[in-house]
Amino acid sequence: MSALLPSIPAIALVGVEVSFQSAARTVTVLSGLTLTVAPGEFVCVVGPTGCGKSTILNVVAGLLSPDAGEVNIFGAPLQGVNRAAGYLFQADTLLPWRNARDNVAIGLLFRGLSPRAAAEEAERWLARVGLADAASRYPHQLSGGMKKRVALAQVLALDPKILLMDEPFSALDVQTRHLMENELLSLWSTMQKSVIFITHDLEEAIALGDRVIVMSAGPASHAVADYRVNLPRPRDVEEIRMTSDFVELQRKIWLQLRHEVRQRQDASDAA
Amino acid sequence: MQRDRRKPRRLWPYQLLLFGSLIGLWYGLTEYELLPSFFFGKPVLVVTQLYHWISSGSVFRHLGVTILETLIAFSSGTLLGVGFGMWLGLSPLAAALTDPYIKAMNAMPRVVLAPIFALWFGLGIWSKVALGITLVFFSVFFNVYQGIKEVNPILLANARMLGASSHNLIRHIYWPAALSWVFSSLHTSVGMAFVGAVVGEYLGSAQGLGYLILQAEGVFDINAVIAGMVILTLCALLLDTGVTLLERRLLFWRIDSAPEPR
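Respectively, the protein sequence lines represent chains A and D. For the first sequence, counting from 1, position 253 maps to 241 in my numbering; every step adds exactly one. So the mapping is simple: my numbering equals the position in the second sequence, first residue as 1, plus 21.
Rather than coming from a laboratory, the hints here were simulated on the basis of the structure. Mixed in with the good hints there might be a few duds.
One side only, chain D facing chain A, incomplete, derived with CB under 8 Å [what the hints assert, rightly or not]:
no. : residue
1   : A116
2   : A117
3   : I175
4   : L176
5   : M182
6   : L183
7   : S187
8   : P197
Residues from chain A shown here face chain D by an in silico Cβ test under 8 Å; the list is partial [claimed, not checked]:
no. : residue
9   : A49
10  : L51
11  : V69
12  : G74
13  : Y75
14  : L83
15  : W85
16  : Y126
17  : V235
18  : Q238
19  : I241
20  : W242
All C-beta atoms in this analysis are idealised placements derived from N, C-alpha and C, irrespective of residue type, glycine included.
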């Protein structure tokens, strides 16, 4: 597929630097981060805790503007909130006072659809994520996996060209998680979306992605390695883990990742 | 949840028993003058007094005035509190500017305003309403202000990513979040409105339950004072029940008061 991709990347980060001002000192989270994602490409980012993985998404989403460097979305510099991107957060983001249907519909309302059209579209999306029967339920009546599905429907209903996912399934149990991963892959395969998927789980990254990017230990984190995952699609996330190609790639990336995790460990021991 | 609902059902006979024995104790102690009935009253005379008030209908005029004052104070205080709470919650500059004054006014025991209000608004219902409003306002104001400031930033970021304008954020995120805080403070604020009305009446008025109690006290009629207190208590319980019902209707999406999934 990648041979057919046009030359303008969906996302291009060039030399991005982000610092946070805390009470006593300035902490540089990202430094010299360069990363490109082609249209329709699924890129997973792994790295040790505290390496600023979520910060990358906030920069691409336009919620955080970098202190230095360029953020280009389909060739144009990003200004303000990224309208081409949908963002699936790690935490629960459903509004507790709106039921599943109204939660999915809210983005459509913001985009100017009539309440009725928005509700119909929301119902369609709920059906696509397998929650047609739960449209009238409120978030507190939904399980963790169901909430994630509603959140996914909420984001996908706006048909974003870019999908940003921040450890979206980390709070789910293993079975639900594999189910969600497979569903995500099958939804993604039917639409041309560029994905940045943040995870701390290397297996998840390899099972889902076209590429796996390894971040260096923070502070001043940047991409240290970029592995192409040449496993065939469509994939089943549980079965693909058993293949020898998968295991070999995992070992290769793990060696790199372990080095970064150890550095992180040393840094926090020293502090 | 089921267990919690069943619990009070099993307890009520004992609660009734406790009530009966306390009244019985009171009756015994005052009937045999182990406690001076001049200061402690007698349950039978209190009930007689209540019966007189209710059968003659004289108490209803006073009750009506007190409830009217309570409701006006409650609704205007809530509206003002929500308005100012939203405004200061959404405008950090205005909040920083007014912060010391708001703290000072909240620290002040506001009941001392009652005589000033009596001077300004006379002895009619408006001085009581004004006192009730000052009491309700701060309770609601602080709840809304806090509610606005503590809106989960992730909810806001998510809404912005979904394309919300700042107008959308106020309407769909801040406003419902603030309302849920208002409703959770309704119990306190309806009680405050009631306190404002009664204390105002007590300090100077020509009608209302506070006035009724003040009059009885003036002639050392302890039984009428207690009868007045009984009516006040019943009234407060009734208002509180009303709030609970309202809360259940409006905060249905909360876990604790949620209906079963349909």
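Verification of the hints:
no. : hint : in the structure
1   : A116 : violated (22 Å)
2   : A117 : violated (19 Å)
3   : I175 : holds (5 Å)
4   : L176 : holds (6 Å)
5   : M182 : holds (4 Å)
6   : L183 : holds (3 Å)
7   : S187 : violated (12 Å)
8   : P197 : holds (5 Å)
9   : A49  : holds (6 Å)
10  : L51  : holds (6 Å)
11  : V69  : holds (6 Å)
12  : G74  : holds (7 Å)
13  : Y75  : holds (4 Å)
14  : L83  : holds (7 Å)
15  : W85  : holds (5 Å)
16  : Y126 : holds (5 Å)
17  : V235 : violated (36 Å)
18  : Q238 : violated (32 Å)
19  : I241 : violated (30 Å)
20  : W242 : violated (31 Å)
Hints 1, 2, 7, 17, 18, 19 and 20 from the list above are not met by this structure, while the remaining hints are.
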